[in-house]
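When you get a sec, could you build the whole thing from the sequences and use the hints?
First to last, the protein sequences are chains A and B. Just remember that the numbering used here sits 62 ahead of the position in the first sequence, which is counted from 1. Just remember that the numbering used here sits 537 ahead of the position in the second sequence, which is counted from 1.
Derived from the structure by calculation, the hints contain no laboratory data. The structure presented is a predicted model; accordingly, all values stated were derived computationally and were not measured. The beta-carbon is built from N, C-alpha and C at its ideal position, and this holds for glycine as well. Be aware that one or more of the hints could be misleading.
Stated by the list, open to error - Now the in silico label distances, taken between C-beta atoms and shown as ranges:
{"#": "1", "chain 1": "A", "residue 1": "64", "chain 2": "B", "residue 2": "649", "range": "33 to 41 Å"}
{"#": "2", "chain 1": "B", "residue 1": "595", "chain 2": "A", "residue 2": "78", "range": "47 to 55 Å"}
{"#": "3", "chain 1": "A", "residue 1": "140", "chain 2": "B", "residue 2": "616", "range": "31 to 39 Å"}
{"#": "4", "chain 1": "A", "residue 1": "101", "chain 2": "B", "residue 2": "595", "range": "47 to 55 Å"}
{"#": "5", "chain 1": "A", "residue 1": "147", "chain 2": "B", "residue 2": "563", "range": "40 to 48 Å"}
{"#": "6", "chain 1": "B", "residue 1": "589", "chain 2": "A", "residue 2": "71", "range": "35 to 43 Å"}
{"#": "7", "chain 1": "A", "residue 1": "120", "chain 2": "B", "residue 2": "616", "range": "27 to 35 Å"}
{"#": "8", "chain 1": "A", "residue 1": "114", "chain 2": "B", "residue 2": "609", "range": "21 to 29 Å"}
{"#": "9", "chain 1": "B", "residue 1": "538", "chain 2": "A", "residue 2": "140", "range": "24 to 32 Å"}
{"#": "10", "chain 1": "B", "residue 1": "577", "chain 2": "A", "residue 2": "119", "range": "45 to 53 Å"}
{"#": "11", "chain 1": "B", "residue 1": "576", "chain 2": "A", "residue 2": "158", "range": "34 to 42 Å"}
To be verified - Derived DSBU-like pairs (lysine-lysine); straight-line CA-CA distance at most 30 Å:
{"#": "12", "chain 1": "A", "residue 1": "124", "chain 2": "A", "residue 2": "77"}
{"#": "13", "chain 1": "B", "residue 1": "636", "chain 2": "B", "residue 2": "606"}
{"#": "14", "chain 1": "A", "residue 1": "140", "chain 2": "A", "residue 2": "77"}
{"#": "15", "chain 1": "A", "residue 1": "124", "chain 2": "B", "residue 2": "636"}
{"#": "16", "chain 1": "A", "residue 1": "73", "chain 2": "B", "residue 2": "636"}
{"#": "17", "chain 1": "A", "residue 1": "140", "chain 2": "A", "residue 2": "124"}
{"#": "18", "chain 1": "A", "residue 1": "140", "chain 2": "A", "residue 2": "73"}
{"#": "19", "chain 1": "A", "residue 1": "133", "chain 2": "B", "residue 2": "605"}
{"#": "20", "chain 1": "A", "residue 1": "140", "chain 2": "B", "residue 2": "636"}
{"#": "21", "chain 1": "B", "residue 1": "595", "chain 2": "B", "residue 2": "636"}
{"#": "22", "chain 1": "B", "residue 1": "605", "chain 2": "B", "residue 2": "595"}
{"#": "23", "chain 1": "A", "residue 1": "140", "chain 2": "A", "residue 2": "78"}
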Amino acid sequence: EAGVVQSPRYKIIEKKQPVAFWCNPISGHNTLYWYLQNLGQGPELLIRYENEEAVDDSQLPKDRFSAERLKGVDSTLKIQPAELGDSAVYLCASSLSTGTGELFFGEGSRLTVL
Amino acid sequence: AQSVTQLGSHVSVSEGALVLLRCNYSSSVPPYLFWYVQYPNQGLQLLLKYTSAATLVKGINGFEAEFKKSETSFHLTKPSAHMSDAAEYFCATRPGAQKLVFGQGTRLTINP
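If you want it as structure tokens, here you go:
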């Protein structure tokens, strides 16, 4: 069974440029998460989707960050414009809404803003 | 709000020695608790989880954790460290709905 797939794995951009990350969750998982992981810290939730609906986006900086999950499967996280402080790893995870809370993570997308 | 605190951002042990990574939780109700491992440049992988079925939880790679309500702890242990155990370890709790809140992580280094 394929795991959570993210792309790109690495991205280097200059500040003020836009960037987008893509995530394909495990088949059948209706809950999808985007987490932000700063260097040396634990992941922090940015947004959670139940199917195509964003049910928890309180930690998403909406002035520059946006996300979508069309058709309740793949998801895209966008930053526009990027700032130096956005350099981090962006992790996507998925889970079954009826499960015991176990999240399955992708390998992450490492963003470097110069 | 439910949270977890990991004591020690860096733990170093010799190969073959006991591994002990500490996690304390704050919760007014019985929590769900998890330990995840992250190898360099990889995502997080579940080691084990506590869902109130048993206080001693066995996970993958020889790790186990014991839920102690009196101490509000969920420490991760392994009797004998292996070089391949070197990684970042995260304790997490589920405060409700379908999301996890993570601790700051503990980096485990294994000395030959």
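Broken hints, numbered, in rising order?
Structure breaks hints 3, 4, 5, 7, 8, 10, 11 and 19.
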